[in-house]
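Residue numbers (numbering that gives the first Met the number 0), protein chains in the order written: chain A, 0 to 250; chain B, 0 to 191; chain C, 0 to 191.
Where hints are given, some of them may not hold.
Stated by the list, open to error - Listed next, the in silico DSS-like pairs over lysine-lysine satisfying Cα-Cα at most 25 Å (straight line): (1) B:51 <-> C:83; (2) C:3 <-> B:51; (3) B:3 <-> C:83; (4) C:3 <-> C:81.
The hints are simulated quantities; they were obtained by calculation from the structure and are not laboratory data. Here the structure is a predicted model, which is why all the values come from computation and not from measurement.
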Amino acid sequence: MRVADLDLDLDAFSGPFDLLLALVLRDELSLAEIALGEIVVAYVEHLDAEGELDLEAATEFLVLIASLLELKSRLLLPAPEEDEISPLGPEEAADELLARMLEYRRYRDAAAHLSELFAAGRRYMYRRAPLPAPLRRASFDAAEAIYEPERLAVALGDLLRTPPRPDTSHIRPTVSLERRLDVLRELLRRGRAFDFDDAFGSEDRLTQAVTLFALLEMHKRGEATWDQGETFGPITVKSAVRSRESVGEGT
Amino acid sequence: MSAKPVEHLVEALLFLSPEPVSIPELAEALDVTEAEVDRALDLLGDVLAEGKRGVVLRHVGGGYTLAADPAAEEVARRLLSKPKTPPLTQAQAECLAIVAYLQPVSRPEIARIRGVNSESAVGTLTERGLIEESGRSRFGAAVYRTTPLFERLFGLAGLDSLPDPARFDPTPEDERELRERLLRAGEQRAGD
Amino acid sequence: MSAKPVEHLVEALLFLSPEPVSIPELAEALDVTEAEVDRALDLLGDVLAEGKRGVVLRHVGGGYTLAADPAAEEVARRLLSKPKTPPLTQAQAECLAIVAYLQPVSRPEIARIRGVNSESAVGTLTERGLIEESGRSRFGAAVYRTTPLFERLFGLAGLDSLPDPARFDPTPEDERELRERLLRAGEQRAGD
Chain A
0 MRVADLDLDL DAFSGPFDLL LALVLRDELS LAEIALGEIV VAYVEHLDAE GELDLEAATE
60 FLVLIASLLE LKSRLLLPAP EEDEISPLGP EEAADELLAR MLEYRRYRDA AAHLSELFAA
120 GRRYMYRRAP LPAPLRRASF DAAEAIYEPE RLAVALGDLL RTPPRPDTSH IRPTVSLERR
180 LDVLRELLRR GRAFDFDDAF GSEDRLTQAV TLFALLEMHK RGEATWDQGE TFGPITVKSA
240 VRSRESVGEG T
Chain B
0 MSAKPVEHLV EALLFLSPEP VSIPELAEAL DVTEAEVDRA LDLLGDVLAE GKRGVVLRHV
60 GGGYTLAADP AAEEVARRLL SKPKTPPLTQ AQAECLAIVA YLQPVSRPEI ARIRGVNSES
120 AVGTLTERGL IEESGRSRFG AAVYRTTPLF ERLFGLAGLD SLPDPARFDP TPEDERELRE
180 RLLRAGEQRA GD
Chain C
0 MSAKPVEHLV EALLFLSPEP VSIPELAEAL DVTEAEVDRA LDLLGDVLAE GKRGVVLRHV
60 GGGYTLAADP AAEEVARRLL SKPKTPPLTQ AQAECLAIVA YLQPVSRPEI ARIRGVNSES
120 AVGTLTERGL IEESGRSRFG AAVYRTTPLF ERLFGLAGLD SLPDPARFDP TPEDERELRE
180 RLLRAGEQRA GD
């Protein structure tokens, strides 16, 4: 878990840690009201529940909580009159710098020495050859039974299995509205009227439904209309077009 | 280079090269004539004759190479041979099962049963000494059988102690011969 | 094995082993005392001293190994078409020195000593196999140590063959002079 997602339930705030940070940084929440100790407790509890220490996350948490503590201490403590941390005197500064320079020099010179060793060492080339085959396998005398014979029988069983038929249930037949419109128009051109059940009774349900939908579309365009004498009775589809020429263009 | 005797340079080259090196290759690398390489190899062959040192000069497969004295094999095994018995992969287990139950069996047959090229698994099994070539099929393909080491590593008293695959057989009612059924199942898988 | 002189078997083992082999390992494989191995290595070292043959005996990386005589380097690179390994840059050498002497050491610590970010040099050294991560510091930073390859490539028998770093410390006079210079520089800056 990322530290940012650490869920907090404090007196003054409840929500994820990163929201708390955002609110504090935008001055929408005063750090003075937040008990930072509670956040630490929440984090330790979270660690306890997790059972293992994610070092990256723990480091991130330490950095964040440390900066919050620093911010808060600045808020709570009176500002110093002037910078109380006096700069190092020239003597101390020189000593500190000297110590660091000496430390660096030691490794710089050791580095020069290593570079010489490297230049000398890389003239030697070593053999890079695989071991001869007999040495790459277990010796017969030392060999112990470490494999399960069962494994071979299972593998053979796997090989005897023929693959199941491919599952095609996810492939759905498609019925094109365009195609159904063409069929309806063709029927009307031939006979001016037809019985829906006679024409489409043997089609599957999807085709029937799309055909019905196509019929509604034609009705809307003024191409077709229908009669149904009684509920669930036969439907007679008729052309609503007076002039044949306008069929297909009547919108 | 000039001061270094040619036979020493040849020794260094053969020492470094994992593969045998031919006389023309040596001559080119050393920028000397093939006759000089020949002479150097003669000298080196005297010094590194079998029994003289720990390393011997060998003439194999169109070139020269250095090898450890065979007398050192036993101690070398003690020092270097970590038993090469890692768990079998599924591909290796399948190939090994096919060889174990059908032996002798050819590589094309193994591939047909598994439905995939099985060269690498067969190679590894051969390398580890679990299977070995036992001749050629009528069509010239290498045929394989299991080795005594295989029986050792599987704790089998003999090949007839192999477990009955019927228990793991998804189509036990089918009474045809195992080989035929495996081939048929493999072809169906490949036909997808 | 009995008839075979120990130094010949040692030679065969070192020839076969891809890594340097220590005296105890040799003694165990050969089933002889370490003193006998010592003696055999002495004999072998005489025969395979630099310049005597094409192969030399080396004591590196905590053990013994064979290498081609450096005189053959050029012809060997030609035969094996192996380019020369690039030398170390100043930054890499410094990082390597810090890791070699202070291991385990973290990257922030390396950066503190060198005074600059050392990410790229540490990365290259890791890639070249000269150093490796060996864990995490208390603060979660990766810590580094040198590898056996480092010892081998630098011809070191072991880490204790690294020269005493005090050897690289400046003399007291140098130190005094350095301090004077720093003080003068500090006064100048303060006077700005």
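Status of the hints after comparison with the structure:
1. Between residue 51 of chain B and residue 83 of chain C, the direct Cα distance comes to roughly 34 Å. Violation of the 25 Å bound is thereby established for this hinted pair.
2. Under the criterion of a C-alpha separation no larger than 25 Å, the hint pairing residue 3 of chain C with residue 51 of chain B is consistent with the structure, at around 9 Å.
3. Restraint check: the Cα-Cα separation between residue 3 of chain B and residue 83 of chain C comes to about 21 Å, which is no more than 25 Å; the hinted pair holds.
4. For the given pair, residue 3 of chain C sits about 36 Å from residue 81 of chain C by alpha-carbon distance, which is inconsistent with the 25 Å threshold.
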